[in-house]
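Going down the list, the protein sequences come from chains A and B. Read in order, the letters of the first sequence correspond to residues 1 to 228 in the working numbering. Read in order, the letters of the second sequence correspond to residues 229 to 700 in the working numbering.
Please keep in mind that the hints were generated in silico from the structure rather than gathered at the bench. Keep in mind that the hints are not guaranteed to be accurate.
[Unchecked claim] Within a straight-line C-alpha distance of at most 20 Å, the following computed EDC-like cross-link-like pairs (lysine to aspartate or glutamate) qualify:
| hint | chain 1 | residue 1 | chain 2 | residue 2 |
| --- | --- | --- | --- | --- |
| 1 | B | K384 | B | D551 |
| 2 | A | K171 | B | D551 |
| 3 | A | K171 | B | D279 |
| 4 | A | K171 | A | E187 |
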Amino acid sequence: MRILLVEDDAALSLGVGRAFEREGWRVDVLDDGQVAMAEGLATVYDVAVLDLGLPRRDGMEVLRHWRSRGARMPVLLLTARDELNDRVQGLDAGADDYLAKPFDVPELVARVRALKRRSDGRIDDVVTVGELALDLTHRELTYRGERVRMSPREIALAQLLMQRCGRVVPKESIVSTLSSWESDFSENSVEVYVHRLRKRFAELGVVIKTVRGFGYVLEPAAADTPPT
Amino acid sequence: MADRPHGPSLRRQLLQPLVWVWAMGMAVAVAGALLLARSAANAAFDRGLQDEATALAARVLWSDRGPLLDTSRQAMEEITWDLADRNAYAMVDADGYVLAGDGAIPIPTWHRDSVNQPTVFESTYKGTPVRGVVFSVMSPMLDRMVSIIVVESTRKRAEAMRDIQIGIVLPSLALGALTFALLAWGIRRGLQPLRDVAAEVAGRRPDDWRALNLQRVPAEAVPLIERINALLANVQHTMSVQRRFIADAAHQLRTPVAGIRVLVQDLQQELAPLHSGRGQPGWAPVLEQLLSSSDRMARLIGQLLSLARSETALGIDTVGVVDDLAAVVREAAEPLVLRALREGRVCTLEAPAQPVGARAHPLWLGEVVNNLLDNALRYGGANVVVRVRLPAHLGEPVCVEVEDDGVGVSSDQIDRLFEPFWRGERADTRNDGGTGLGLAIAREITERMGGTLTAVSRPAFAGIRFTIALAA
Chain A
1 MRILLVEDDA
11 ALSLGVGRAF
21 EREGWRVDVL
31 DDGQVAMAEG
41 LATVYDVAVL
51 DLGLPRRDGM
61 EVLRHWRSRG
71 ARMPVLLLTA
81 RDELNDRVQG
91 LDAGADDYLA
101 KPFDVPELVA
111 RVRALKRRSD
121 GRIDDVVTVG
131 ELALDLTHRE
141 LTYRGERVRM
151 SPREIALAQL
161 LMQRCGRVVP
171 KESIVSTLSS
181 WESDFSENSV
191 EVYVHRLRKR
201 FAELGVVIKT
211 VRGFGYVLEP
221 AAADTPPT
Chain B
229 MADRPHGPSL
239 RRQLLQPLVW
249 VWAMGMAVAV
259 AGALLLARSA
269 ANAAFDRGLQ
279 DEATALAARV
289 LWSDRGPLLD
299 TSRQAMEEIT
309 WDLADRNAYA
319 MVDADGYVLA
329 GDGAIPIPTW
339 HRDSVNQPTV
349 FESTYKGTPV
359 RGVVFSVMSP
369 MLDRMVSIIV
379 VESTRKRAEA
389 MRDIQIGIVL
399 PSLALGALTF
409 ALLAWGIRRG
419 LQPLRDVAAE
429 VAGRRPDDWR
439 ALNLQRVPAE
449 AVPLIERINA
459 LLANVQHTMS
469 VQRRFIADAA
479 HQLRTPVAGI
489 RVLVQDLQQE
499 LAPLHSGRGQ
509 PGWAPVLEQL
519 LSSSDRMARL
529 IGQLLSLARS
539 ETALGIDTVG
549 VVDDLAAVVR
559 EAAEPLVLRA
569 LREGRVCTLE
579 APAQPVGARA
589 HPLWLGEVVN
599 NLLDNALRYG
609 GANVVVRVRL
619 PAHLGEPVCV
629 EVEDDGVGVS
639 SDQIDRLFEP
649 FWRGERADTR
659 NDGGTGLGLA
669 IAREITERMG
679 GTLTAVSRPA
689 FAGIRFTIAL
699 AA
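With the rest of the complex left out, here is chain A (with noise of 0.2 Å):
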């Protein structure tokens, strides 16, 4: 994979550099809009990461001349700024996604392959945590590649918390996506459905926690404490 890094700092663009190379990627590192201006346009780069901050030109009109020359790969925008109306502007111009400074190094990294696989047309179908899968699209669910049985709302349930493992699923949206399925769907039945989907989960490695108020949150469970 290549990937033109435009950023002017000299310890970001060398560290981020490190990073990607480490992945196993050719990076090229420009620290000059007017000449990233050229550069984008003249090699073709599976991702471009650029810097809103750059001397000559900043990175906003980088990415409007290379989206007006046609110049289609994903492009990350990295900024001091995080103001929302800079963020839409980013956007707006072009960008595919956006990651104030200062930032974690995986998560960069993490970000640039999926925009990679984003744009290589691929769309993950299958959600896996920990070693249990649901492939979204045959609505099946295996643990160690085992089909593990369950009722259509369960795994609805299950594909609503997997997919959004690690964050809180607050109870109005499990309300509103199992509501399809049972058209007087209380607040009250979601807590009988998770207790039902946190016992078979505990012995499949994933845990539901619950946060009084806020929600539930899907995990796998800890290394250190095996299912039983």
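Please arrange chain B on chain A, whose structure you already have, making use of the hints.
Chain B alone, transformed into the frame defined by chain A:
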């Protein structure tokens, strides 16, 4: 008002010279009225006296026994006598002997000179001042002469004089009083817009630098208000320049801090394979500390930015209504709730079943809740509760509370909680990674949204509870 040094009041400056002019005018008017009344009254009454004297003189009969005065009833009726007054008449001969009438009547020594011409004189009669007329007539043979004297008390003319004076002085006094009352009222009314401006400024939020309204200000005061508005604009400009400087400085710091973080993470990656022995390598804590320092620096920069940005973002008019506080809290708190979960803390949200709305800005209310939760997770106890509370009575504020059951702070420190960079006096808070800005920012933002942020701790509350009160 009185203890502040200031120039004489406008009312005084306007009215004082006017009072002098008016008083002098009044004095002249009164003196004039006095003179006018005296001469007018005297002229009228003297004429009456002269007529009487002439009429009496016509009644003098020259008989063989000497001059006689016809005092028959018919004759006397022609002369109108005011009986209430001390009026009297007499006929005297050339030597001053009273031939008829009142013997006590005063006789001027020069009565013989008043031939053909009734002459006025002043004297006293029975102890009261009188005015009289002497008229001397000659006998037909021109060999004898008698003088007719008529006196009249001055009471009537004094009364007439007084009436005239009152008629002149009273209306001008009343007019003067009315003029001053109107002037004072006019000045008061004219200055009212200035008082309104003062009241408006007094009622303003400290960060409200909007220009003052010129609409009702009197033309004379417009330059002053305009200068004040220019000053306000200047202050606002200076403030915004300063704010922008803070924002710019924070932005500029972000890139190098990001660079440090990236390089430290790179170093960790690079060094990890080199260490194959047992135990923790010596450089591990160094890198760990470097990372946490850069992390803290990044957070401090973020806080400074959010402080600078909240000032621009939360103007007077930008605070709207949040329909569902619980939803805002839930969304804003998520990263911290996950952190609490990782740390094995219990985080709970309590909210009424129905959505609760309040005057706030969703993004910034989230920032406040975030700061309070971060504070609770950093310094607080194992159990953290976020609560959306409806007011007990109508018109009371809606509250969002963030509380924990930790050690809290003592009552003498609770006021210092919101001071920027105050870090508490407990030794175990030194290395917590906090920036010391969170609570100060939380309070600042809450107040910008028109709310209040207060804290209660031990002994009143077992732990510490922060209350964001927002207008319903």
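What hint numbers does the structure not satisfy? 1, 3
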